[in-house]
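K.L.:
Reassemble the complex: the two chains are provided individually, in unrelated frames, and hints are given to aid placement.
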Amino acid sequence: MIEAFEILFTASFWVAAIRIASPLIFATMGELICERAGVLNLGIEGIMVAGAFAGWLTVYLGGDLWTGVAIAAMAGAMFGLLHATLTVPLGLSQHVVGIGITLLATSLTYFTYRIVLPEVTSPPRIASFQPLPVPVLSEIPVLGPALFNQTPLTYLAFVTVGVVAWVLYRTPLGLAVRAAGENPSAVEAQGISVTAIRTGAVMAGSALMAVGGAFLTMSAFNSFFFEMINGRGWICIALVVFGSWRPGKALLGAILFAAFDAYQVRLQQITGGAVPYQLFLMMPFVLSILALVVMSRRAAYPKALMIPYQKGER
Amino acid sequence: MPSEVRRVGQISRGCRGEPSRPIALGDCPASRERRDRANHYRCSMTSDSTPVLRIANVTKRFGLLVANDSISLELGKGEVVALLGENGAGKTTLMNILFGHYVADEGTVEAFGRMLPPGDPRAALGAGVGMVHQHFTLADNMTVLENIALGTQNPWSWRLDRSGARARIRQLATDFGLAVDPDRQIAALSVGERQRVEILKALYRDARVLILDEPTAVLTPLETEGLFRTLKMLVARGLSIIFISHKLNEVMAVSDRVLVLRGGRLAGERITADTTRQELAALMVGREVMSPPVAPVVRGGELLSLDDVSTAARAGGSALDHVSLRLHGGVITGLAGVSGNGQAALAALLAGALAPSAGTMRLAGAAVSDWSPRKALEGGIARIPEDRHAVGSIGDMSVAENVIAERYRSAQFSRHGFMDWKAARAFAEELIRDYDVKCPSPDARIRLLSGGNMQKLILGRALYPDPVVILANQPTRGLDVGAVAYVHRRLLEARGRGAAILLISEDLDEILALSDEVRVMFKGKISEPSPRGERSIQQLGELMAGHGMGEAADAA
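Heads up: the sequence lines are chains E and Y, in that order.
Note that the numbering used here has the first sequence beginning at 1, numbered continuously upward.
Note that the numbering used here has the second sequence beginning at 1001, numbered continuously upward.
Bound conformation, chain Y alone (with noise of 0.2 Å):
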């Protein structure tokens, strides 16, 4: 099998012209255990064996903000270090300096003994650097075979030759457990399925190295599970991975060694099996973490109900097929699922955004009729959407403008058809204030502020003044674990006040987390709520995956 793979590889190496670069198969032991691995390392590392990759001393700048501050790192063969951060912490700007997308200040890259050239991501490649983005760089409208064909074989070349590229990927999907058909469209693919493309991508340039930026952050419980073993795998083979997370479980999980950024400074580092979950929480965060307390459920009136309730089909998404779910105040409601089960047209179901086709939906008993966004916001709907950037925020509008961008019509910010922009900046005083936003003024466009301080503005927005319904899509989603537990206390605290809230959320620990009750949503059909704690991860994931759903469904 090995001989196979190395055989393959040069014939395709020889296209690019390049000098061929033997894949270095089974000089790791897959049997050692980690902890050996990383001591291994750490003895031998100033003896005899060189790091595969060495940073040294690198500084970058945009204008006064020092994104990464004198940063130096080592990674050895067959090694995995997490670079484990807060957004804004510097991590990503560290790889792109590495990958050669950003040209550092200061400092040098260096790959198997040589100095890569700054600013030049060809030179990454060719020394078998390879970088998992956290967006995709693949063109969606292209096949998987001519994304991972793109780039690798001569430009003037008359012909792609399809056939050897379409056997060496079939070789790397089956070495390393990363199944994707070649000749499918990169659009028709799961977001999982891409992610393996882009594995597939470096794998094919050989690459001995592999950046993984924030990886798990798209994926499904199952999908970071196959994504771990493909690393495990890839590992064992000799390749030395950087694994970019703001997840301490995960980094727990796959590394041998860990780098904490904060700030754009390296803020510690520790060996993996001789630290904690609760000290690497502190150094990145530079304080102690606490998860707030979850006061006992005080369960209220039935505020929002949907009653065998169906939606028409739209793209991107399953529709509603005939879902019952009752909404009481002072319970959080958490509804876990893969996304693409139907969670957009509730969600946008609840907004306003869609009405139902069939079935009744009741506003604090009330059925609603002529549903709209501007009905949903009147009936004291707030919604927290899935994609702040997309849906909750205009980014080129300044804060004071977002965050009156859903009552801007009201008596407070209005008067005879004309804006109040003094009330307005207020208001946006207030939620900078009160919700501890970091921004320079009202006046600051949305778009320049980091995903957390952008999300506690539309939390602001949403909770202002007590909403009865709150429909919180994903509202952690990419945030880092001190804005996590700020939003989660907020959340609470509506609870308290008696508001209804339906968390939608692909992040288990999240739901298991918040929610009183528990439902799951699976090809546009929600499960019977589990009371808090009853269902486990595993449970969940099981109906998440559709078994148990049919009966939960008919149930219902």
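Bound conformation, chain E alone (with noise of 0.2 Å):
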């Protein structure tokens, strides 16, 4: 039992956490800039395995590292623009469209995967990004290499929910954003177009998807396998209601979100086969649901979030 409590006090539980939560923090403030414009985006599951062979395949062709996930991100934006084009000025159901957008990714990645390399057994290995420690502050007992310890991208994800939260708050382009996902017309009376904003907005998104699906190939292990995605981008769709659609809570939720996975890992090590390793599996996703049903009840969500808008429409 004292065990199980000491995990939380060891620098590597918290550097896993941080690890895992990098690839949600990415996907999750896509999701979160799609629905803000009133898109919701399934498409990121499929997204995010698309960045994650994108960015792979650069880097495994010879490309440098931040051209790898420059590549990933421009991937993940033109799956956004074949999702927005579909969903935005064409108005078709968004969770159609996105479930659709999902299985086109997915299967056109092993596609290429298999054209790229038709006869490998295992798979070919890439040098990813390494951690970058920062000096003094990683010295910081437990939470120092947590969070000064870790790859550039994972860096990048903090960023990018400043420069999200940034955008969204303070700039007049959040406000057209915040503004389109709230009520459109609102927008259209400004002299704003709902098709622009939205489409951007879905696009900006999906290349913060795709980054998010690259941290995994790139930085979190060094070769790109199927299935490695495993839900992650479902799991980020549920953060962004966990934070009420804001993006610090959001980046909160990942991290709890990602500590629980860390966590059972560990937990797992220490009962030693007494309790059957399922029941661990299940515990993050539990917690999330259990975490979910408590936040998002009073949850303010964006009122034109997956009604699409006609331009002259009453």
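There's no promise every hint is true.
[Said to hold, decoys possible] Taking lysine-lysine and the DSBU-like style, the derived pairs with C-alpha atoms no more than 35 Å apart in a straight line are:
hint, chain 1, residue 1, chain 2, residue 2
1, Y, Lys-1247, Y, Lys-1232
2, Y, Lys-1375, Y, Lys-1422
3, E, Lys-311, E, Lys-249
4, Y, Lys-1422, Y, Lys-1438
5, Y, Lys-1247, E, Lys-303
6, Y, Lys-1523, Y, Lys-1232
7, Y, Lys-1375, Y, Lys-1438
8, Y, Lys-1375, Y, Lys-1523
9, Y, Lys-1247, E, Lys-311
10, Y, Lys-1523, E, Lys-303
11, Y, Lys-1438, E, Lys-303
12, Y, Lys-1523, Y, Lys-1247
13, Y, Lys-1232, E, Lys-311
14, Y, Lys-1438, E, Lys-311
15, E, Lys-303, E, Lys-249
16, Y, Lys-1247, Y, Lys-1438
Hint data in this document are derived by calculation from the structure and do not stem from the laboratory.
P.N.:
Encoded structure:
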């Protein structure tokens, strides 16, 4: 029992938690931007797969690591453009389009993988991002390594939260994005195109989702596997609700979920097989459902979420 | 003071990178009489001064419907033109074309001598045309400031200039008597305050032509007076206003000139000072409109009573607070009050959607228990809901399905658990005929009907067969003159047949015209009744604002 408690004070636990949180932070911010503009992006799972592959492939084919991140983001933005074209000007069901994008992106990725690497048995590796300790700060006990001895992509994830929050709440553009998700006619009445705002938001959001995917192949691991996204995209959709569509709260949610995940792995080792490991695997999900129940009952969701806007319609 | 406005304004314009356009202040003497202004405009129009706005031969078709048929309109500087017409006459369509929300099939729009490109709201905004829509275009989750600043600053700027915007909003608010705190969330504002924000939005962009679409539809009498004062200030500073309405007394009160639309065509144009309400009403409807005669009251037995009834608090309005109320057969009880003071709770209580948390409710003398919507219907309580779209009908279901929605289980419309669609259609056809509903067939989706026709169907559904108690909650809100008279006539007929009617309305004219006794609701309490003609509009207004309600409620 004491051991289970002591885990919380080990540096390796917190390092793992923040590492697990990083891809979730990118993708959650991406989903948050889309939903704030009024578009539910269920393509997130597939876009993460595509991003994971695009980033990894770029590096595998000789590209620079940061070029890989940029290519992943562009791949995400392209799927975002497809999603937005179908859901914004054409006003198709966001559920159907989103699931379609997920299936398309996933299949297209696996197809491309087989084309590029027809005969491999074990997944090829790349030289991934390495931890970049921040002098002095990384020496702080327990939390130092967790926050200041991570790969550059993790730092970027935290910076992204700040940027997203700043843009949404402190810039004219963020105003338009938030208004588009609340009452698109307010945006149109002020002479701004709802289509442009929503399309832009979905593209930018999708780019972030893809970077979240790329984190897995380029920072957490160093190769690409099938099934490696493994439902992380869906978790991010729940995290946006958990965070009441606010970047800061969503960040906390991502870290909380990741901490549960890191915790259950360590708990498995302590119990040494006395408890079926599936129970531990369930834990983060059960806890996030509970947290969601508590948090989202009071959440003020964007009122125009999932409602297509047609100009000139009453 | 004026130079201050100009200074702040130019800072903001600089941000948008648009050429500065000085605000015309004091060009038009405020003291000039309205009639003089109108005549001045009429005489000088052709010679020296160009109109600020010119709509020429605009035609707009939606499928087979011609919403605007070659309409022309000119607006002079400092002039208030009322656009009068029934619902569906094409007023809003015309303004949406002007503002660039719709593209006209034919015709042109010119502002300050320059042609506006069709279908571009930005061009209209840039030319100084601002519109206050009937359904506010505000984002509830944002502050007043954010809503006003939306779209006025360079979108790629790294920072929203809040302090500049705040100073300018404060200045405009003071100048035009539009008191509102820039840092409050829209969701926390009253309807009247939201409208002020809409007007501020236009002024913030230096609008010189302001279009107001049915601006008083959602306002209390007090708020309406405030709006009219603001409009006078705007005109005094050289702004021109198009005031869209179907309310004759308001048109008479604020406009210099009236354009009447009927069925998409221009039915007439009058100088307000030279016309009468009667003439305008006839132009608008195409025939003479008479208010229905009110027969002397025949007081029947007590059909429904509330004794010291309270309800649990709910979001969106006061709960009932120890309310006592008696409804007699053959009597219309009018309940005046600003919405949000417990009307919703009272309506829900009568409709069976809410049970009393304390006190006794009696229907035909018997105390009710296990109160539910079904029991209310079975007990003969008919309801005309406040919101005919959200509550009164299911938009995507057919007329027939909607009119039987309250009694689909009755033997008339179902047998052994299967619907009898033939009977349902026959019933719908009967209502369509009896209530003179303009509707292609009982299979049409009810969403496609105009508000007046939808309300007639809801009325027909409620009044069949003869109900014991009728809850009429804002029965004529948003309806045009003809439809209002129709609804009133039907309610008076039901009264003649001995039904007890509770009329909840924010329209004091309606309350005074129909009610045999008038009560006022304030913060969940109901005043003592006063018989027909005893309290004046002013006295009711005082009660609606809560003055004198304390004693009245305590005495009750």
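K.L.:
Hints first: check each against the structure and report whether it holds.
P.N.:
How the hints compare with the structure:
Proposed proximity of Y:Lys-1247 and Y:Lys-1232 is supported: the alpha carbons are some 18 Å apart, at most 35 Å. This hinted pair checks out: Y:Lys-1375 and Y:Lys-1422 have alpha carbons roughly 27 Å apart, not beyond 35 Å. Taken as a hint, the E:Lys-311 and E:Lys-249 pair is honoured in the structure, with Cα atoms around 33 Å apart against an allowance of 35 Å. Under the criterion of a C-alpha separation no larger than 35 Å, the hint pairing Y:Lys-1422 with Y:Lys-1438 is consistent with the structure, at around 21 Å.
Straight-line distance between C-alpha atoms of Y:Lys-1247 and E:Lys-303 comes to about 32 Å, which keeps the hinted pair within the 35 Å bound. Taking the CA atoms of Y:Lys-1523 and Y:Lys-1232, the gap is about 32 Å. The hint holds against a cut of 35 Å. Taken as a hint, the Y:Lys-1375 and Y:Lys-1438 pair is honoured in the structure, with Cα atoms around 32 Å apart against an allowance of 35 Å. Between the alpha carbons of Y:Lys-1375 and Y:Lys-1523 the distance comes to roughly 28 Å, so the proposed pair stays at or under 35 Å and holds.
Between Y:Lys-1247 and E:Lys-311, the direct Cα distance comes to roughly 29 Å. Compliance with the 35 Å bound is thereby established for this hinted pair. Proximity of Y:Lys-1523 to E:Lys-303 is assessed by CA-CA distance (about 29 Å); at most 35 Å being required, the pair is judged to hold. Taking the CA atoms of Y:Lys-1438 and E:Lys-303, the gap is about 34 Å. The hint holds against a cut of 35 Å. The suggested pairing of Y:Lys-1523 with Y:Lys-1247 holds, with an alpha-carbon distance near 28 Å, which does not exceed 35 Å.
For the hint linking Y:Lys-1232 to E:Lys-311, the alpha-carbon distance of about 33 Å falls within 35 Å, and the restraint holds. In summary, the hint linking Y:Lys-1438 to E:Lys-311 is supported, as the alpha carbons are separated by about 28 Å, within the 35 Å threshold. Restraint check for E:Lys-303 and E:Lys-249: satisfied, since their Cα atoms lie roughly 19 Å apart, inside the 35 Å limit. The straight-line distance between the Cα atoms of Y:Lys-1247 and Y:Lys-1438 is roughly 22 Å, inside the 35 Å bound, and the hint therefore holds.
Figure legend: structure checked against the earlier numbered hints; every hint is met.
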